[in-house]
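Chains as they are written, first to last, in our numbering: chain W, 1 to 372; chain V, 1 to 368.
These are calculated hints, taken from the structure and not from any lab test.
Keep in mind that the hints are not guaranteed to be accurate.
Unchecked claim - Computed list of lysine-lysine pairs in DSSO-like fashion (alpha-carbon distance at most 30 Å, straight line):
{"hint": "1", "chain 1": "V", "residue 1": "Lys2", "chain 2": "W", "residue 2": "Lys117"}
{"hint": "2", "chain 1": "W", "residue 1": "Lys158", "chain 2": "V", "residue 2": "Lys244"}
{"hint": "3", "chain 1": "V", "residue 1": "Lys117", "chain 2": "V", "residue 2": "Lys79"}
{"hint": "4", "chain 1": "W", "residue 1": "Lys194", "chain 2": "V", "residue 2": "Lys198"}
{"hint": "5", "chain 1": "V", "residue 1": "Lys2", "chain 2": "W", "residue 2": "Lys194"}
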Amino acid sequence: MPTDLPLARFTIVEVTDSGVPLCLRLATSLAAKIAADLGADVLKIEPPGGDAVRTLPPLLPAGASALFQFLNTSKRSLVLDLGTERGRAHLVKLLDRADACLFEEPAAIAALARAGKATPIEIAAFPVEMNAAARPVSELAIQALGGLMHMIGEPERKPLKLGGHQASYAAGLTAFTGLTAALAGRDAGQAAPKVRVSLTEVMQWVNWKAASGAAATGVSPGREGRRSEFQIVPCRDGHVAVVYTVTQWPATRALIGDPRLENPKFATRAGRRTHIAELYDIITPWFADKTRAEIQKTAQAKGVPFGPIFTPAELLKAEQYVARGFLAEMTAPDIGKVLIPQLPVQWNGRSFAPRPAPSLGSKELGRKELAA
Amino acid sequence: MKGPLSGVRVLDFGLLTAGANTSAMLGDLGAEVLKIESGAYLDPFRVVGKMDDDDGWWNRSPQFRFTNRNKRGLALNLKSPDGQRVIRELAAHCDVVVENFRRGVLDRAGLGYEAMKAVNPRIVFAAISSQGDTGPERMNVSFGSTLDATSGIASLTGYRGEQPRISGMDVNYPDQIVSLFATGIVITAVMEARRSGKGAFLDFSQREVASFTLGEEILAASANPSHTLAPRDNGAQQDAYRCKDGRWMAVTHDEPGLAAWCANQNRDDAVAALLARGIAAAPCNDGSDLLSNQDLAGVTLVRDEHGGLVKGLPYRLDGKGITIERAAPDLGQHTDEVLRELLGYGDAELARLKISGVTSTTPTVGDV
Chain W
1 MPTDLPLARF
11 TIVEVTDSGV
21 PLCLRLATSL
31 AAKIAADLGA
41 DVLKIEPPGG
51 DAVRTLPPLL
61 PAGASALFQF
71 LNTSKRSLVL
81 DLGTERGRAH
91 LVKLLDRADA
101 CLFEEPAAIA
111 ALARAGKATP
121 IEIAAFPVEM
131 NAAARPVSEL
141 AIQALGGLMH
151 MIGEPERKPL
161 KLGGHQASYA
171 AGLTAFTGLT
181 AALAGRDAGQ
191 AAPKVRVSLT
201 EVMQWVNWKA
211 ASGAAATGVS
221 PGREGRRSEF
231 QIVPCRDGHV
241 AVVYTVTQWP
251 ATRALIGDPR
261 LENPKFATRA
271 GRRTHIAELY
281 DIITPWFADK
291 TRAEIQKTAQ
301 AKGVPFGPIF
311 TPAELLKAEQ
321 YVARGFLAEM
331 TAPDIGKVLI
341 PQLPVQWNGR
351 SFAPRPAPSL
361 GSKELGRKEL
371 AA
Chain V
1 MKGPLSGVRV
11 LDFGLLTAGA
21 NTSAMLGDLG
31 AEVLKIESGA
41 YLDPFRVVGK
51 MDDDDGWWNR
61 SPQFRFTNRN
71 KRGLALNLKS
81 PDGQRVIREL
91 AAHCDVVVEN
101 FRRGVLDRAG
111 LGYEAMKAVN
121 PRIVFAAISS
131 QGDTGPERMN
141 VSFGSTLDAT
151 SGIASLTGYR
161 GEQPRISGMD
171 VNYPDQIVSL
181 FATGIVITAV
191 MEARRSGKGA
201 FLDFSQREVA
211 SFTLGEEILA
221 ASANPSHTLA
231 PRDNGAQQDA
241 YRCKDGRWMA
251 VTHDEPGLAA
261 WCANQNRDDA
271 VAALLARGIA
281 AAPCNDGSDL
291 LSNQDLAGVT
301 LVRDEHGGLV
311 KGLPYRLDGK
321 GITIERAAPD
331 LGQHTDEVLR
341 ELLGYGDAEL
351 ARLKISGVTS
361 TTPTVGDV
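Please put together the full structure from these sequences, using the hints given.
Written as structure tokens, this is what we have:
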């Protein structure tokens, strides 16, 4: 373990208890992974059968889970059967020595983790006020409850979720920041705050413009689809998101170069929104014979922020990501050679290369850890 | 304010959400936040949220007020040598700088990391930009959903078999998640600076933060060129359904006849029945639903002293949210107060800065 990393002096326990909803597990694992990549000694406690995420898609050609690999870099794995007295006693001993413990509200050991010497960082599905620790939950349900789905899609068609595990991951980022706040408190010799993160609160916090908009105007913003000023248009090799600010409209109009856009009805934002179908009828053909690369280049030259749509596979070759070294090479026997996104920060120009996720903890490691 | 960051002072050049909210989150943990604007360049949220043309319109934007609570506000002209000198003097008394200007703006004003480090080697300088501080696209412009597209998130979002989708201007998702990560890294660097006496330059790319949320897909694609994305939609064995009362709900469950069953129930009844069967179901809430349900809101919404709705916390510390000790600042509201308190400026110096236009309380921009 490199000792010059910023969190190298901290020990963190991540409890992977069995039977916890997966959307909570992903959040916990992401928070602990960020700390581990920053040098913290993260002990991932797994049940004898291992974290259920070890088998979840997407899978790598050799069968290992890419999801597990991404979420568990730089950690150590330790198997404990928390269903037994002995396993729980071992956990308490570990918590005596650790700085923080990440766990989920529905876990059987939650009361034990809250009472330990390590500062508890608790991941839950719902706010305390809902009193709903046992309520069934999923990523989709959180995106619905927090109002995000209401914002995406066509107004007359079904609401859509945002792609990926956004409810889990936004909560994971939040839990990481809560964890650092707790560590900073301990570091300063204060009583560190106990942290509780619920996926539902994080989703609403992220989607704040829905509540703010409803409070300011009495009407909630919602999905606008084809009525939105920002739409997706097809081009020669894919799609582009049309995006521009009010002040960038003249440059956008000049870029497209169609004289019909000079019509005063398109001069103001309100006018463009009223005549949005007609506006898109005029601009869409401009994209059809151009590639995403050509569109981005000519648009950026005029200061227009059109966004070419890339897939994750295309991002492997994105010039900017290659130049910045955002994707690190990582090799391990069970995964082969892969590229993995590093933490999205450069610290005095330094990146934090992740180490491969651990295989399921051995008993040897267990004895060594517990002997301390 | 008490908290793990009490004693930490933040010089906040943050604009809109990505920067301004990172400083706000540091403030939520006990740091003292000094927001720096200029009469010639307001936080764009003051303009985007313009409600009327009456005098003082720049102090009434709901979006600005939502994000910048619990900060003091200074207006100093970044383009004048005097304004730049005052800011460098302030930096000597601060622990953290947060900025999300276009690359090069602060360097040109003599206020970049190297200049700040020269007056304060302990300074932690968080530079948040759309593409990062290096690389061929560092000067690229972007706005909110540009990054839905270029990060990969849009390619996973949409109706099955149709084109990709973005989160759109009422969400601008990539702007919202940056501060959740950046705040934790800034705290880590503050701990390191307290220990070692050395600050850090933290270079955040918002596009990278958004792509990071698709880490497993990037990893899978790198290992297998023929790896295909799951079809765009609401996921396997789950979907959104319209109920009898016309309202939508989301259900993580698949069973023949489910859509028809939903269409014959009112939404709240359907959600309750499914939950009773152990199935994850939830209403597709809108902003008004979020406003009216305080149990659901948890600690995410708070009222300021004027009764205005402002941003709360994404988490709770020791079971609590935050209280609002001061509403978002009017433009330049605390300039004189802070310059007296931190730099010991007197009446004559403050008057001189005002007359020369270095400080102000009104925008010098024209109509917006």
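So, going through the hints one by one against the coordinates:
| no. | hint | in the structure |
| --- | --- | --- |
| 1 | V:Lys2 x W:Lys117 | holds (22 Å) |
| 2 | W:Lys158 x V:Lys244 | holds (14 Å) |
| 3 | V:Lys117 x V:Lys79 | holds (20 Å) |
| 4 | W:Lys194 x V:Lys198 | holds (28 Å) |
| 5 | V:Lys2 x W:Lys194 | holds (15 Å) |
Comparing the model with each numbered hint stated earlier shows that all of them hold.
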